[in-house]
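Asker: Chains as they are written, first to last, in my numbering: chain V, 1 to 80; chain W, 1 to 80; chain D, 1 to 154; chain P, 1 to 154.
Be aware that a few hints might be false.
Unchecked claim - Facing chain P, from chain W, some residues (calculated, C-beta under 10 Å):
hint, residue
1, E14
2, A36
3, R38
4, E45
Unchecked claim - Estimated spans, in silico, between C-beta atoms of each pair:
hint, chain 1, residue 1, chain 2, residue 2, range
5, D, D113, P, A76, 23 to 29 Å
6, P, L49, W, N55, 37 to 43 Å
7, P, S140, W, H49, 55 to 61 Å
8, W, K2, P, L49, 45 to 51 Å
9, V, F35, P, A26, 28 to 34 Å
10, P, G99, W, E14, 24 to 30 Å
11, V, G44, P, A76, 27 to 33 Å
12, D, Q30, V, E62, 28 to 34 Å
13, V, I18, D, A18, 34 to 40 Å
14, P, A35, W, E20, 43 to 49 Å
15, V, E21, P, R16, 55 to 61 Å
16, P, A76, V, E62, 29 to 35 Å
Since the hints were derived computationally from the structure, they do not count as laboratory data. For each residue, glycine too, the CB sits at the ideal point set by N, CA and C.
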Amino acid sequence: MKSLTVRYFAMFRENAGIAEETLQLEAETAADVFFATRDRHGSGEPLGHCKVAINDVMASWESPVSDGDEVLLFPPVAGG
Amino acid sequence: MKSLTVRYFAMFRENAGIAEETLQLEAETAADVFFATRDRHGSGEPLGHCKVAINDVMASWESPVSDGDEVLLFPPVAGG
Amino acid sequence: MKSCCFRRSPGADLIRIADTAIDPDALRRQLFDPAAGAYCGFEGWIRNLNEGETVLRLEYEVYKPLAVSEGEKVLAEAAEKFPHLHAQCVHREGLLEIGDCAVWVGVSSPHRDEAFQACRYIIDQVKVRLPIWKKEFYASGDSGWVNCERCAQH
Amino acid sequence: MKSCCFRRSPGADLIRIADTAIDPDALRRQLFDPAAGAYCGFEGWIRNLNEGETVLRLEYEVYKPLAVSEGEKVLAEAAEKFPHLHAQCVHREGLLEIGDCAVWVGVSSPHRDEAFQACRYIIDQVKVRLPIWKKEFYASGDSGWVNCERCAQH
């Protein structure tokens, strides 16, 4: 089990009702975190439309997560 | 013989030393006017780099000229 | 990889997130260079219609630390691909009204082709890569987060 | 041939030859439309170097009657090819200094692709079709008419 701080943005934050939480998760990759928290951020968005950052660095869904990491879950972006 | 008013612009006008003149020319097309006045507008520019208008309407070098027409000879353009 | 043959002032290429109105005229002046023959500017304006719904206003949420670092990457990539003199991008956050400028990109370069291409590259990448989200508020009283499938072409 | 699906104010698409400074900020405001989500602007600036020669200033000669009618054709073609809301072009005549804006093109449209493409089409055509000539005055004391072979890419 890893202790991970998960931060939700925009639609994910509204769906979760909180901006961040620290969870104990069995997770190897960023994708594992996305799926483990899917019920909380309530998104039907496919993984490929979303983005992830780990400790304020853009990451891929295959990126490994370590105990103590902060994982930022981004719903589909829409700048401009 | 046709009486044609020929107007020179930019480099052509500077080379000719006049902005326009009325000439009696054996000319069927705009291209004939260009070549007949080449010594006056003194351009080494190939015909394809220059443009012509007849009576204030853009024309092609194959356009026929009629007695009394005003033929505008444009050296290579360079807007912008 | 082409190298850039023009001097580049340090800090001239810049991404910024603004919580007040964008002033395109003041921004374009910052890109002036006596060696620049071309300037291309892009502005994204808030429009009153999206996917058939009447939009009243819009709210941008920006995660600044990564919006800035990712924007800097985009500007650096543009400079590699389309050597130019100066480029800048400013994106708004917070509440915007119809007609407000949400994003501005400006590029100056010796010739126009690089200016157009760099400007287009920057806005295209900014729209799909920066962690920025927009929530539209509709005349119907509803509101909704715009997702990238719907806004990709805007 | 695509037909344009947006209302177009009469006289909104306009070409103008100006003998005083171009004001891009005032001009872009004229293109505002609540249905516009994108604005693309291009400016041609007088630069201090052409083909290795230092340029001090520049004089534009414009044959107005045909510059205007040909410019109107270019704007009409752009509207056919890349349906947009509004487009305008202003070109200077007379003496200009380094840094002056010689030509401005602005296009507003619902989405950015048409704005970029229409703007690019207009400036490309304006440069090669309008009866406009420029004479450069060099630091060496020489002067010369710029021909389209040399300026095509600027």
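Asker: Next step is simple, just say for each hint if it's right about the structure.
Answerer: Going down the list of hints, with the structure as the test:
1. With 10 Å as the threshold, the beta carbon of W/E14 comes within range of chain P, its nearest partner Cβ sitting at about 8 Å, so the hint holds.
2. Restraint check, W/A36 versus chain P: the minimum CB separation of about 21 Å is more than 10 Å; hint violated.
3. Given the 10 Å rule on beta carbons, the hint for W/R38 is violated: about 17 Å separates it from the nearest Cβ of chain P.
4. At about 7 Å, the closest approach between the beta carbon of W/E45 and any beta carbon in chain P falls short of 10 Å, and the interface hint on this residue holds.
5. Judged by the Cβ atoms, the range 23 to 29 Å given for D/D113 and P/A76 holds: they are separated by roughly 24 Å.
6. Under the hint 37 to 43 Å, the C-beta atoms of P/L49 and W/N55, about 40 Å apart, fit the expected range.
7. Hint check: P/S140 to W/H49, Cβ distance near 25 Å, so the stated range 55 to 61 Å is violated.
8. Checking the proposed 45 to 51 Å range against W/K2 and P/L49 shows it holds: the Cβ atoms sit about 46 Å from each other.
9. For V/F35 and P/A26, the hinted distance range of 28 to 34 Å is not satisfied, since their beta carbons lie about 54 Å from each other.
10. The beta-carbon spacing between P/G99 and W/E14, approximately 27 Å, falls within the hinted interval of 24 to 30 Å.
11. At about 46 Å, the CB distance of V/G44 to P/A76 disagrees with the hint of 27 to 33 Å.
12. The given range of 28 to 34 Å is broken by D/Q30 and V/E62, whose C-beta atoms sit roughly 40 Å from each other.
13. For the hinted restraint 34 to 40 Å between V/I18 and D/A18, the CB-CB distance of approximately 28 Å leaves it violated.
14. A hinted range of 43 to 49 Å holds for the C-beta pair P/A35 and W/E20, which are about 48 Å apart.
15. A beta carbon spacing of about 60 Å between V/E21 and P/R16 agrees with the range 55 to 61 Å that was offered as a hint.
16. In this structure the supplied range 29 to 35 Å is violated for P/A76 paired with V/E62, their Cβ-Cβ distance being about 52 Å.
Consistency note: the structure conflicts with the earlier hints numbered 2, 3, 7, 9, 11, 12, 13, 16.
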